[in-house]
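Participant: Each chain is listed here by its residues.
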Amino acid sequence: MQLNFELNGQPVTLFVDGAMRALDLLRERCGITGPKEGCGSGECGACAIWIDGVTKLSCLMLAAQLQGRTVTTIEGLAKDEPHPLQQFFVKKGAVQCGYCTPGMIMTAAELLTHEKMPDREMIRNAISGNICRCTGYHKIVDAVEDAAEAMQGLKP
Amino acid sequence: MITLLPETLEDLWEIFHHQPDYKPMAGGTDLLVRMGVDKKQPPALVCLEKIHDLKTIKKTRDGIRIGSGVTLTELLKNDLIQENLPILHTAISTLGSPLIRNMGTLGGNICTASPAGDTLPALYLLGARVTLYSDRGNRILPLDEFIQGPGRTLLADKEILGSILIPPGDRFNVHHFEKVGQRKALAIAVVSLAALLKVHGGVVEEARLAWGSVGPTIVRSREAEKALEGRKLTLTTLNHAADLARSAVSPISDVRASADYRRRVAGNLLLRLAV
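Line by line, the protein sequences are chains P and C.
Heads up: the first sequence at position 28 corresponds to 28 in the UniProt record's numbering, and the numbers run straight through without jumps.
Heads up: the second sequence at position 216 corresponds to 216 in the UniProt record's numbering, and the numbers run straight through without jumps.
Where hints are given, some of them may not hold.
With a Cα cut of at most 30 Å, we get these calculated BS3-like pairs of lysine-lysine [said to hold, decoys possible]:
no., chain 1, residue 1, chain 2, residue 2
1, P, Lys91, C, Lys39
2, C, Lys184, P, Lys139
3, P, Lys155, P, Lys91
4, C, Lys40, C, Lys50
5, P, Lys155, P, Lys116
6, C, Lys158, C, Lys198
7, P, Lys116, P, Lys139
8, C, Lys40, C, Lys198
9, P, Lys92, C, Lys184
10, P, Lys79, P, Lys116
11, C, Lys184, C, Lys55
12, P, Lys139, C, Lys77
13, C, Lys23, C, Lys40
14, C, Lys59, C, Lys77
15, C, Lys40, C, Lys58
16, C, Lys50, C, Lys198
17, C, Lys198, C, Lys59
18, C, Lys23, P, Lys116
19, C, Lys55, P, Lys116
20, C, Lys158, C, Lys39
21, P, Lys116, C, Lys184
The hints are simulated quantities; they were obtained by calculation from the structure and are not laboratory data.
All figures in this text were calculated on a predicted structure; none of them were measured in a lab.
From just these sequences and the hints, can you work out the full model?
Facilitator: The following block contains the structure:
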């Protein structure tokens, strides 16, 4: 089938098999390797992307479902410089192997679009569908908290 | 595999007419996982996500009508649900994870018909009815009739679950839902309990109780409900009702818990209602 969608601000037209997963389409056909395959069943969040600004799991979507949608991956999140979340993930040591990081940041970035100053409980709840096995969650929560403050001009 | 995304119900009926082997898909969070495990694909998949008629929440004279395609996140954010159906709101907040709730729908949770379906105990107590749509017209069924067993419903060929109606209920002043799982997020219920009570002057006037994950479908115990009615919510009363609940459930043993453990917890959860 012919598929038209917007990927990180660019229009994309591709011919795809209707059985292909959105995750495979992005990684194998579009060269977008930010979204990772972890569990492949919706439990780890490593494949999280935005569809029309809402975080979804690209391992549980068919490529066909991208038709007419606006798709944002970690590659499209940064504008002129890295997103504050990307900067504070580095600063706070919230990245080790980095496998969970793109999904974790997409989830956290959507939270920061609704909640300008989330408390730690809200951050923990928001990222409860994203699993990290090496840095642990403490530094990730610190990074999200600091990024939120920086975005409100409360932190350099 | 052919994947179609109709935008109107008329287009959907047209597809069903030409694609007898269709399989409808709502949020896909159960179906796509199962397809990955079984390595089996239906010849045609019809995604319902673009059909606007399935995506509204309305308050009418008959109650609150929820489109089957409304996502669980949309329900959590909706004022009508927060204000009028707190027990459903709590149940949804325990389902999956925020990412799963961004994709999964209420209709999908019902049609999957899992004994552990997190929205089901609350919907049973609220007297929910489902409206099934097809090009032959609509039909309405009580939810507890629609769900027949694990993964089994009365959904016919070329028919979809269109909306869920929650009739205006009596004013309950205790709305309780609790799910016991192996962790907080993304846990399948080992046992869950939904309770709606009308309590006046400390005495229970009416009780509705439903358990999840302790039988082939949701289990309601009229005996346990009766044991609370006309009495105060003391531990003695609740212990008696808990015994009746333990004999009403018929759990299985699986990787998550033994039948014996589930039976004990099903009763114990009632003790949380003590005041």
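Participant: Take the hints in turn and mark each one as holding or not.
Facilitator: Hint check:
1. P:Lys91 with C:Lys39: violated, 43 Å
2. C:Lys184 with P:Lys139: Between C:Lys184 and P:Lys139 the Cα gap is close to 20 Å, so the pair holds against 30 Å.
3. P:Lys155 with P:Lys91: holds, 13 Å
4. C:Lys40 with C:Lys50: holds, 25 Å
5. P:Lys155 with P:Lys116: holds, 14 Å
6. C:Lys158 with C:Lys198: violated, 41 Å
7. P:Lys116 with P:Lys139: The given pair, whose Cα atoms are some 19 Å apart, holds under the 30 Å limit.
8. C:Lys40 with C:Lys198: Violated: C:Lys40 and C:Lys198 sit about 48 Å apart, past 30 Å.
9. P:Lys92 with C:Lys184: Distance ~26 Å between P:Lys92 and C:Lys184 Cα, so the pair holds.
10. P:Lys79 with P:Lys116: OK: P:Lys79 and P:Lys116 at ~19 Å, within 30 Å.
11. C:Lys184 with C:Lys55: At roughly 28 Å apart (the allowed maximum being 30 Å), C:Lys55 and C:Lys184 satisfy the hint.
12. P:Lys139 with C:Lys77: Roughly 29 Å between the alpha carbons, so the hint for P:Lys139 and C:Lys77 holds.
13. C:Lys23 with C:Lys40: holds, 12 Å
14. C:Lys59 with C:Lys77: holds, 16 Å
15. C:Lys40 with C:Lys58: Distance of about 38 Å is beyond 30 Å: violated.
16. C:Lys50 with C:Lys198: Since the Cα atoms of C:Lys50 and C:Lys198 sit roughly 40 Å apart, the hinted pair is violated (cutoff 30 Å).
17. C:Lys198 with C:Lys59: holds, 23 Å
18. C:Lys23 with P:Lys116: Roughly 41 Å between the alpha carbons, so the hint for C:Lys23 and P:Lys116 is violated.
19. C:Lys55 with P:Lys116: holds, 28 Å
20. C:Lys158 with C:Lys39: Holds - the C-alpha atoms of C:Lys39 and C:Lys158 are around 24 Å apart, at most 30 Å.
21. P:Lys116 with C:Lys184: Satisfied, since the Cα-Cα distance of roughly 25 Å is no more than 30 Å.
Hints 1, 6, 8, 15, 16, 18 from the list above are not met by this structure, while the remaining hints are.
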